[in-house]
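Could you build the full structure based on these sequences and the hints that come with them?
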Amino acid sequence: MPLKNQSSKFSLSRDHTYLNCAYMSPLLKSVEKAGLEGIKMKRSPGKVKTEEFFTTTDRVRVAYGKLVQAPAQQIALIPSVSYGMAAILKNLTIHSSQNVIVAEGQFPSNVYPWMRLQADTGARVQFIEAPPTKIKRGQQWNDRILESIQVNTRLVALGNIHWADGTRFDLEAIRKRTREVGAWLVIDGTQSVGALPFDVKKIQPEALICAGYKWLMGPYATGVAYFSPELNKGVPVEENWINRLHSENFAGLVKYQSEYQPGALRYDVGERSNFILTPMLLAALRQVQEWKPANIQAYCDRITQREIGRLRSHGFWIEEDAWRSKHLFGIRLPDHLSLADVQKKLAKEKISVSFRGDAIRVSPHVYNTEKDIKKLADVLISSQR
1 MPLKNQSSKF
11 SLSRDHTYLN
21 CAYMSPLLKS
31 VEKAGLEGIK
41 MKRSPGKVKT
51 EEFFTTTDRV
61 RVAYGKLVQA
71 PAQQIALIPS
81 VSYGMAAILK
91 NLTIHSSQNV
101 IVAEGQFPSN
111 VYPWMRLQAD
121 TGARVQFIEA
131 PPTKIKRGQQ
141 WNDRILESIQ
151 VNTRLVALGN
161 IHWADGTRFD
171 LEAIRKRTRE
181 VGAWLVIDGT
191 QSVGALPFDV
201 KKIQPEALIC
211 AGYKWLMGPY
221 ATGVAYFSPE
231 LNKGVPVEEN
241 WINRLHSENF
251 AGLVKYQSEY
261 QPGALRYDVG
271 ERSNFILTPM
281 LLAALRQVQE
291 WKPANIQAYC
301 DRITQREIGR
311 LRSHGFWIEE
321 DAWRSKHLFG
331 IRLPDHLSLA
341 DVQKKLAKEK
351 ISVSFRGDAI
361 RVSPHVYNTE
371 KDIKKLADVL
381 ISSQR
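Note that this note's numbering gives residue 145 to position 145 of the sequence shown, counting from 1, and the numbers run on in steps of one.
Keep in mind the hints are simulated off the structure, nothing from the lab.
As the structure is a computational prediction, the values presented were derived from the model and not from experiment.
Among the hints, a few may not be true.
Claimed, not checked - Here are the simulated lysine to aspartate or glutamate pairs, EDC-like style, with alpha carbons at most 16 angstroms apart: (1) K371 <-> D301; (2) K136 <-> D170; (3) K202 <-> D170; (4) K350 <-> D378.
Set out below in structure tokens:
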């Protein structure tokens, strides 16, 4: 059955049109409840059992692993995308003759680590620009990325989609090409995983790193990362106690261990057991699992399709359907319209979207309706008068 509107599961204000999940997801009522229960537990710490440092985090690994088709042992709990990228940076061997491929206008947390790499090693960061054309732009951008991956490429670091306008990158083709030249593929899935199906078994990246507070519907300062078995012997960002072998035995913690926990658990952030945020993330992941990303895509497509067509007919540009996500897309204005003026009009009508570069980024979710998208389109079209 098609997914129905889920606004009853949220506490969003009815006089505000929130089309901005890519900025930050609203809290589900179930996630809010999990956070409050965590606060209650923390106010009576004598009731916190030793095993509770581990049980919830293990459940998060299982839930996220099911979402992306990855084994739980290869999932690490992190506080941010930059933390996960730092783990890659620490374990990547690269020479000054090699390069790192990124997309133009990529989110900074997936750029700054490679700029540091460039400064430290002399390896070059190569930005692949979007083509200037509006016809077959997504396809041509993907072609440019594939052509740029050569024998001197050591790492390709991309999003599944572009965070500013939802342009989709063909990760299967890119993975195939990186294997041909022996390069790593590292994906920032923050703006896609949870709303767009992702299969680790199919793509087989070295890492898939996601912040938890957007499409995973979790709280801020949470994240999850898949690290491939190739990184199971790597060096973590920090040396904390809980990542070490036998850390479950609190009485034996002074028997210092040289070995880490198996799999990707060595990359967990310290204090990963956060008794407030981690249960919230788990509740969020379970709800996303219940909805299913494919159903979220279908729902967002259903409520936006008509108005996207209307906007295009009035001269607004949106990436071709075959090369964009349905839960996040960019609207670019006709030349005669001012982005600043449009921004003021949208704010006046209490419509929340984001402005990234020259694009109006629209990111609906299952709490939105076609009426919300029509309200946005009406304001944009009326701006032409």
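How the hints compare with the structure:
no.: 1; hint: K371 <-> D301; result: holds (14 angstroms)
no.: 2; hint: K136 <-> D170; result: holds (14 angstroms)
no.: 3; hint: K202 <-> D170; result: holds (12 angstroms)
no.: 4; hint: K350 <-> D378; result: holds (13 angstroms)
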